[in-house]
Amino acid sequence: MMDWILQIAPAFAEAHAPALLILLPMLAGPIAAFLPGGGRVAWGMTVIVTGLCTLLSLILLAQVRSIEGGAIISYAMGGWAPPHGIEFRIDALNVLILLLVSVIAFLTSIFGWPTIKAEIADGKRAMFFGAFQVCFMGLLGVAATGDAFNLFVFLELSSIATYVLVALGSGRDRRALPAAINYLLMGTIGASFYVVGVGFLYAATGTLNMADLAVQLQDVGGNRAVQVGFAFILVGLGLKAAMFPLHQWLPNAYSYSPSFVTAFLAATATKVAIYAMVRFLFSVFSLDFAFEGMSLALILAPMGIAAMLACSFQAIFQADIRRTLAYSSVAQVGYMLLGISLGTAAGVSAGMFHLVNHALMKGALFMAVAGAVLTYQGTRIHDFAGLGRRAPWTMTAFAIAGLSLIGVPLTAGFQSKFALVSALLESGWWWAALLVVFSSVLAVIYMGRILEAVFFRAPANPHKEHGEAPLLILVPLWILAIANIWIGVDGGFVYGLATDAAEALFIGGAS
Amino acid sequence: MAGPRSDHHVILRVVAKPLIPIIALFALYVHFHGDYSPGGGFQAGVIIVVAVVLYALVFGITPAMRAVPPVFARSLAALGFIIFAGVGVWALIMGGNFLDYDVLFNEEPGGHMGQHYGIIAVEVGVLFAVAGSMLSIFYAFAGRVTEIKDEDW
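Heads up: the sequence lines are chains A and B, in that order.
For the record, in the first sequence the residue sitting at position 243 is 1466 according to the working numbering, with numbers rising by one throughout.
For the record, in the second sequence the residue sitting at position 106 is 110 according to the working numbering, with numbers rising by one throughout.
Take these hints with a grain of salt, some might be off.
[Said to hold, decoys possible] So these bits of chain A aren't anywhere near chain B, every CB distance computed over 12 angstroms:
hint, residue
1, D1226
2, L1229
3, L1246
4, P1253
5, A1285
6, S1289
7, G1302
8, D1345
9, P1401
10, T1567
11, A1569
12, E1675
13, F1679
[Unchecked claim] These stretches of chain B come out as covered by chain A in the derived footprint (C-beta under 8 angstroms, 3 or more residues):
hint, stretch
14, 84–94
15, 104–117
If you are wondering where the hints come from, they were derived from the structure by calculation, not from laboratory data.
Just so we're clear, the structure is a prediction, and the values are computed from it rather than from any experiment.
Where is the CB? At the ideal position from N, CA and C, for every residue including glycine.
Let the hints inform the model, and build the full structure from the sequences given.
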């Protein structure tokens, strides 16, 4: 179905797509940091690079889908054959994440320029785009690599760049600095836990290649070192993914970083960490080991449910829109974890489906907030009163994404929540399905508060004029909003990708 | 901090002056000996920065920033990154996989020139990147001016 992409793509790009995908931002980042022109040239370069990366991930998607059941593309770095060399291994699961990250990066970097111009000082913009490209490269690398230690390197690359990006919000709000330090400490602890866990696995098996690890672990079995390694990896990646009790870094980091960074991170960073977690749970550790041996469902499911409920409640009581959305992000991570904790193909595919949809809706929501803030400094709900009349285009897109977040029929959120509830019922977890519905009611309350203020209340300060967001923001915003509706009406394509991803895990886990 | 013309710390300055070039030289030794013994670009980069840091400690941060400007340090870090990736691109252009040193010089099978010079080129990139970033971090901390003045408290 996507063969036409393979026909028009150059052969060189097809043969080296996994490496080029990482290489482009890797080269462009340090160059962009020194480009003149007050950041405008660096911005243009960022848009081009993220656009090319989107094309490369489309090529990869076409390659993976060219074979029934999903091909596995293996790329040996430096010509050293796996398992000894570093391998980039793309299957139906990775390619979904790669595509998601590069599409979101492309759209946010188009959208980014007006907000960067308003929020980042002149001399720092080029460096800002350099750091963004490194962050982007790191996220792609985490998703593409098939080597457990290499994953750590890319995870740290993206995280360190992210701390810089968050701290650059200090031009707008000084609280960005403590938020960045907090994130740095928590993120470093998470990365250390992960690398300690990988160390234990290496001690037990003598390999770092994920596919090889999976085979070796079958022979080693339930060794104590493997169990400790598993626990360390789960906690480390859980911290990066903002799994419920480890999410304290997230609300501040999202609230005070530059709007551009918030929109990008909210849609990608935690998603990539969840991908890594899924990869370890299902591919590296076999299902029996992770779920029966370690009773993972007894840990992951309660964490997911606690996130859904507790963070939705916290979202209700926030006065600041960005904080509301940040807490809602943690709650949505809970949905994904709940789906994953089922340990069935249906559950994981529902989780992955929600992961994609959540990236689309949170990206749109944060973009709309950024567009509104551009002409009126203030992100409290109070400040947004009456905005529906002043900026109808921005706020309509905001409302569409908000409804999608709640899970109203004909939006993407409904489709993935429906898939999640069906998967839960299939496994007989009807109580969890009820809690999902209850948590959606909480979402109605916190989104309802914002939407009510935006559309039905009079402006708080009639002398301060809100304007419509510029076209550069409106276009990517509306692309995301329309994507939300498109998936809501016809979710077949994305749901098919998510199902393929889940099946790739369950079939290809041990091989 | 003692200015360059101050009379204090005469011994320190006299001892530090000959040490600095030796430290820099030792860095290069660690770098090029990295093939055969422990060492390599990362360690060498840190040692080179030690020379600059020692200079800054003894002669003051301002002369050090004049000798090795912060912009130079930042550019060095980016340049190192590009050298590393550039070797990978070179391998790509020569028809191999990313960072495949074997194809760099179009050798006969069994030739090891590519592996030898490929890794040294990559390590030069690492050296630049590490030295540049370490120095930038040092400058960022040492050159920091307090934003809140003492009178404001």
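Results for each hint:
With 12 angstroms as the threshold on Cβ separation, the claim that D1226(A) sits away from chain B holds: the shortest Cβ distance comes to roughly 25 angstroms. Listed as a non-interface residue, L1229(A) keeps its Cβ farther than 12 angstroms from every Cβ of chain B; the least gap is roughly 20 angstroms. The non-interface label for L1246(A) is inconsistent with chain B: the shortest C-beta to C-beta separation is roughly 6 angstroms, within 12 angstroms. Not every CB of chain B lies more than 12 angstroms from the CB of P1253(A), the least distance being 4 angstroms, so the non-interface label is violated.
Separation of A1285(A) from chain B is adequate, the least Cβ-Cβ distance of about 21 angstroms exceeding the 12 angstroms criterion. No Cβ of chain B comes within 12 angstroms of the Cβ of S1289(A); the nearest lies about 21 angstroms off, and the non-interface call holds. Remark: the non-interface label on G1302(A) conflicts with the geometry, its nearest Cβ contact in chain B lying 4 angstroms away (cut-off 12 angstroms). Distance to chain B confirms D1345(A) as a non-interface residue, since its nearest Cβ pair spans about 16 angstroms, more than 12 angstroms.
Every Cβ of chain B is farther than 12 angstroms from the Cβ of P1401(A); the closest lies at roughly 15 angstroms, confirming the non-interface assignment. At roughly 37 angstroms from the closest C-beta of chain B, the C-beta of T1567(A) stays outside 12 angstroms, upholding its exclusion from the interface. Distance check for A1569(A) against chain B: the nearest CB is about 37 angstroms away, which clears 12 angstroms, and the non-interface claim stands. For E1675(A), the non-interface assignment is confirmed: its Cβ lies about 41 angstroms from the closest Cβ of chain B, beyond the 12 angstroms cut-off.
Here F1679(A) stays apart from chain B, with its beta-carbon at least about 44 angstroms from theirs, past the 12 angstroms limit. With a threshold of 8 angstroms between beta carbons, the proposed coverage of the stretch 84–94 of chain B by chain A holds, since 6 of its residues qualify and at least three are required. For the stretch 104–117 of chain B, the stated coverage by chain A holds: 4 residues have a C-beta nearer than 8 angstroms to a C-beta of that chain, and at least 3 were required.
Checked against the numbered hints above, the structure violates hints 3, 4 and 7; every other hint is satisfied.
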